[in-house]
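K.L.:
Knowing the structure of chain A, use the given hints to seat chain B on it.
Each chain is listed here by its residues.
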Amino acid sequence: MVGVRASKAHRDEGIALVVLMSCSALFVIAIALILGFLAFNGTRLFWGDHYSPLKFLFGTDWDGFGGHYGAATFIAGSLVATGMAIAIGGPLGVAIGVFFSELAPKRVATAFKPAIEVLVGIPSVVYGWLGLTLLVPAIATVFHLPDGDGLLAAGIVLSIMILPTVISLSEDALRVVPNSLREGSAALGATRWETITKVLLPSASSGIAVAVILGVARAIGETLAVQLVLGNAAILPTSLLKPAAALTSEIVMDMGDAPDGSGFKHALFAMAFLLLLISMGLILLIRLALRRRT
Amino acid sequence: MAQAVIAQPAVARLRGSNARSRRIVDRIATAALWGASSLVVLLLLLFIGFEFYRGASSISWQFLTGSPTAGTAGGGIGPLIFNSFYVLILTLAFTVPISVCAGMYLQEYSAGGRFKAIVQFSAESLATVPSIVMGLFGLLVFVSALHWHFTALGGALTLTLLNLPAMMRVTQEALAGVPGTYREASMACGATKWQTVLKVILPSAIGPLTTGVVLVSGRIFGETAALIYTAGASVSYGRSAYDVNPFHTAETLAVGLYQVHREALVPDVDRIANGSALVLLVMVLVFNVVARVVGRALTLRFTGKAR
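Same order as they appear, the protein sequences are chains A and B.
For the first sequence, numbering that gives the first Met the number 0 gives the first residue as 0, with consecutive numbering after it.
For the second sequence, numbering that gives the first Met the number 0 gives the first residue as 0, with consecutive numbering after it.
Hint data in this document are derived by calculation from the structure and do not stem from the laboratory.
From the three backbone atoms N, C-alpha and C, an ideal C-beta is built for every residue, glycine too.
Just so you know, not all the hints are guaranteed correct.
Stated by the list, open to error - Distance condition first, Cα-Cα at most 27 Å in a straight line; then the derived DSS-like pairs of lysine-lysine:
#1 B:Lys198 with A:Lys112
#2 A:Lys54 with B:Lys198
#3 B:Lys192 with B:Lys115
#4 A:Lys54 with A:Lys241
#5 B:Lys115 with B:Lys198
#6 A:Lys54 with A:Lys264
Claimed, not checked - Which chain A residues face chain B? A few, computed with CB under 8 Å, are given here:
#7 Glu12
#8 Ile30
#9 Ile33
#10 Gly82
#11 Ile95
#12 Phe111
#13 Ala216
Just chain A, same shape as in the assembly (with noise of 0.2 Å):
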């Protein structure tokens, strides 16, 4: 009897290490899937309707319906949003992750965490609604336009939605630096802020970098706020009041309406496999400024 038990849970050892080992493997699969098939889809621009690359990258010039597929204005627009929104949500996430990590009193960390947990769960499409409905008509009033939708509106919201990945990952930076070190500069005779700007910061910061870095990830893929606020339309971005559009705004917007089979369709997919390669890019930029800390 005992060795039909032991040899049925052998054979269950066997499977479930067979069935684990699957589905560990599906997530190699899938992002091998997503990278051929918007590597394929996403350069037939280049080899199926022969657009030149310099063309689609620098070019200024986009009409989907007319052959024209210079997709700048849009990679300016989202750059410019992207960089708006890390220059505000960037340092005030590690502030307040400074805060949580260095200053919060224990009562006080658990009525505000809860907050920053909800900020996260609010759909996009919502942060979207508010700044259309809140921020930009008073973007309009302060700025006396007619119109509040832009690059502003873009880079306020976008930073709101940054600001939960920063604060808790900078707080988790700053929160495995040795207590010896926040002693040792007290012992010194250093202030708390002293010792948070020129100790605890300057050991964390492989970390914090991290944080922004990931806060630049969200931002740049952000669709659906964007495109509600941004004011869609296809002009270099001359002044942060005016509307402009971005990578993720224009996909959305135009891929419904883009027949199967153009280069209109295949420029909207060029998009995209540029917005996957930047995101690829800021993982191995990650895994850059962990390995500089070990």
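P.N.:
For chain B alone, coordinates are given in the frame of chain A:
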């Protein structure tokens, strides 16, 4: 070594400065950090308050259960709410088993090595794929290549890809929280590895695991960009209002909020959008509260202690 390098310039800088002004700077900085953190909490309360203020008048039984209309005012969001839950359940049915199994493998079985490194790198890469790009992948595979057209299943599978990494991380963290002594005790009793994982470790980790599933559910519920071109942005084509056929189009509430504004086919766009935004926000709050309460209750029940 590293500590000395950091501490030395700090000492040099400290000696040169005046003690009183340094204390004032410290006070100001402390106040600024408190201010920044309070600002974010206030911002959230403002969002919630504002949504309730302007969305509350939209909410009625008729609005929550009625069907959308084409061209006339007075439409509801009933089918959209139903679709959101339906797509959520389909997505969880794929996401949870796959990522829990993968998490168990990485945390309990794999001792490191190349396969683990590749899986982890794939998960990280998968986690940064923008939602709209994942949506286009779903469009290429499920809608075009497999000829399913816009389907609830295609949307759910796209969302599965999007949420696998988060769910796997949740599993890994939940399992890592189980004390090593549990494993040793189980193995010492003669249990095999799989028996240990299934009957000792998984039940002990059920609390944080459930919290994670509910929080991920909240994200799936509000996902929009990945669904527009996979599950579709319409409730009317070839389906009744409450349709469980996974091969039919399924516009969710979040997609509906985007679509009603974009198409602007009905005269009461703002009423529907404000009401939808409020329902989405309330659902986020509900998912957060449920995650906490259920997670804590399960942990207490299976381990006999609150974590």
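K.L.:
Does each hint hold? Answer for all of them.
P.N.:
Each hint, compared with the structure:
Between the alpha carbons of B:Lys198 and A:Lys112 the distance comes to roughly 33 Å, so the proposed pair goes past 27 Å and is violated. For the proposed pair A:Lys54 and B:Lys198, the alpha carbon gap of about 60 Å is over 27 Å, so the pair is violated. Between the alpha carbons of B:Lys192 and B:Lys115 the distance comes to roughly 18 Å, so the proposed pair stays at or under 27 Å and holds. Pair hint A:Lys54 plus A:Lys241 holds up; C-alpha atoms about 24 Å apart against a cutoff of 27 Å.
Between B:Lys115 and B:Lys198 the alpha-carbon distance is near 24 Å, which keeps this suggested pair within the 27 Å criterion. With a C-alpha separation of about 16 Å, the suggested pairing of A:Lys54 with A:Lys264 holds against the 27 Å cut-off. Taking 8 Å as the C-beta contact cut-off toward chain B, the hint placing A:Glu12 at the interface holds, the least distance being around 5 Å. Given the 8 Å rule on beta carbons, the hint for A:Ile30 holds: about 5 Å separates it from the nearest Cβ of chain B.
Hint on A:Ile33 holds. Least Cβ distance to chain B is approximately 5 Å, under the 8 Å limit. Nearest Cβ of chain B to the Cβ of A:Gly82: about 17 Å, over the 8 Å cut. The hint is violated. Because the smallest distance between the Cβ of A:Ile95 and any Cβ of chain B comes to about 5 Å, under 8 Å, the interface hint for this residue holds. Interface restraint check for A:Phe111: the shortest CB-CB distance to chain B comes to about 6 Å, inside 8 Å, so the restraint holds.
Interface hint status for A:Ala216: upheld, as the beta-carbon distance to the closest one in chain B is roughly 5 Å, under 8 Å.
The structure does not agree with the numbered hints 1, 2, 10 stated previously, though it agrees with the rest.
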